[in-house]
Amino acid sequence: MPPDRSKPVQCEICGKQFQSAGLPPHRKACARKKQKYQEDLALLEKVSQGLENNAWVHDQDLVNANNGDMVLDGHESDRSVAELALEAALNKNQTEHLIKLLRRVHDKHEKFTITNQADLRALWDASGTCLTPPEPRQFHIWYRLLWDWACDLVKDPSVGPHCIFNVQRLSKFDGNSFIRFIDEPYTTDSFWNFQTELLANGKVLAFILYADKAKLSSFGCKKGYPVVARLANLPAVIQNSKGLGGGQVVGWLPVVREEKGHTGKPAWANFKMAVWHASFGVLLETIARHSKSGCWVKCWDGITRQLFPRILILSADYEGQ
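So the sequence shown is numbered by the working numbering: it starts at 64 and just counts up by one.
Simulated from the structure, these hints should not be mistaken for lab results. Errors might be hidden in some of the hints.
To be verified - Listed next, the in silico DSS-like pairs over lysine-lysine satisfying Cα-Cα at most 30 Å (straight line):
1) Lys155 - Lys305
2) Lys91 - Lys218
3) Lys163 - Lys174
4) Lys99 - Lys79
Unchecked claim - Distance ranges between label pairs, derived from CB positions:
5) Asp364 - Arg232: 44 to 54 Å
6) Val318 - Leu153: 33 to 43 Å
7) His89 - Lys155: 42 to 52 Å
8) Lys286 - Ile366: 26 to 36 Å
9) Glu159 - Cys193: 26 to 36 Å
10) Leu347 - Asp170: 27 to 37 Å
11) Ala145 - Phe236: 54 to 64 Å
12) Thr326 - Tyr273: 20 to 30 Å
13) Leu153 - Leu186: 14 to 24 Å
14) Cys193 - Lys155: 43 to 53 Å
Since the structure is predicted, the reported quantities are computational estimates derived from the model, not experimental observations. Yeah, the Cβ is synthetic: ideal placement off N, Cα and C, and Gly gets one too.
Work out the full structure: start from the sequences and follow the hints.
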């Protein structure tokens with residue numbers, strides 16, 4: 064009778080079971096893996112012996128690598144350069160360029176006069192004076208003071224009572240243990256960390272900022288970069304509403320128009336990023352002065368509280384990210 068091919072067959076190398084039709088390809092792959100594993104163990108043992116003897120693998124010791132035979136040199140300088148390339152995460156081109164520079168200095172084709180970081184900085188500064196200064200560009204940003212907007216909310220008798228100034232940690236019992244859950248911004252770990260950094264009487268006034276490019280007309284010919292702010296001390300149902308206490312446009316980032324010859328280039332994308340980051344910095348300056356010492360604000364209930372502004376969420380969908 065012919066052999067029953069429906070029964071699984073065991074691989075003699077790894078011990079796993081396969082159908083008879085799939086065993087031959089697996090056996091070949093499994094044999095290659097076993098051989099590679101044995102070679103790695105032999106290499107590891109050789110390197111370990113070299114380290115125990117305070118020596119590296121000698122030149123005559125060849126290691127069979129995937130791309131051919133590789134010789135591991137025993138010079139300390141070679142290992143130092145290899146460690147530097149690894150720590151700096153240099154790519155292939157950068158590593159080869161570094162090696163070529165070192166070889167040129169080693170072979171005395173060129174002199175190397177830099178002795179420390181200060182010399183390198185001085186060389187950068189001297190090179191910068193030889194470059195043509197870039198043409199200054201000006202961009203306009205329209206914004207309102209974040210601090211004044213937030214203080215108007217905590218003073219308002221219809222919105223102020225809903226503000227939560229004491230951080231909360233909520234848990235529910237599932238029958239066996241209490242499980243923590245988060246349903247509001249003032250129940251998050253970030254809000255908790257903000258509160259623990261303050262003085263006993265200090266209260267967190269947390270902001271949520273979001274910026275995204277939007278079309279301002281149905282034809283798409285007018286675009287803008289609105290910055291929307293929400294007060295994280297309020298419940299989410301009020302933050303997401305359209306009335307008082309909901310999201311409020313507090314600024315407009317400049318729209319950097321595309322220029323022929325620069326569109327699509329990394330340098331131009333970095334330039335636009337720098338413009339948007341600087342614009343956001345102008346907006347945040349309106350609350351930065353109160354972030355360290357706080358500010359005493361008389362709230363809706365007549366109680367004066369020392370409020371410290373903090374950015375809980377900052378989300379900016381920059382173009383080209």
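Verification of the hints:
Of the pairs offered as hints, the one joining Lys155 and Lys305 is violated, with about 54 Å between alpha carbons and a cut-off of 30 Å exceeded. Using a Cα cut-off of 30 Å, the hinted pair Lys91 and Lys218 is violated, with the two alpha carbons roughly 76 Å apart. Under the criterion of a C-alpha separation no larger than 30 Å, the hint pairing Lys163 with Lys174 is consistent with the structure, at around 14 Å. A threshold of 30 Å between alpha carbons decides the hint, and for Lys99 with Lys79 the separation of about 19 Å falls inside it, so the pair holds.
Between Asp364 and Arg232 the beta carbons are some 24 Å apart, a value that contradicts the proposed interval 44 to 54 Å. Taken as a hint, the range 33 to 43 Å holds for the pair Val318 and Leu153, whose Cβ atoms sit roughly 37 Å apart. Separated by about 35 Å at the C-beta atoms, His89 and Lys155 break the suggested range of 42 to 52 Å. For Lys286 and Ile366, the Cβ-Cβ distance of about 44 Å falls outside the hinted range of 26 to 36 Å, so the restraint is violated.
Between Glu159 and Cys193 the beta carbons are some 27 Å apart, a value that agrees with the proposed interval 26 to 36 Å. Checked against the hint of 27 to 37 Å, the C-beta distance between Leu347 and Asp170 comes to roughly 53 Å, which is inconsistent with it. For the hinted restraint 54 to 64 Å between Ala145 and Phe236, the CB-CB distance of approximately 56 Å keeps it satisfied. Remark: the range hint 20 to 30 Å for Thr326 to Tyr273 is upheld by a beta-carbon distance near 26 Å.
Restraint check, Leu153 to Leu186: a C-beta distance of roughly 20 Å satisfies the suggested window 14 to 24 Å. Roughly 30 Å separates the CB atoms of Cys193 and Lys155, a value that falls outside the hinted 43 to 53 Å.
Hint compliance for this structure: hints 1, 2, 5, 7, 8, 10 and 14 are broken, all remaining hints hold.
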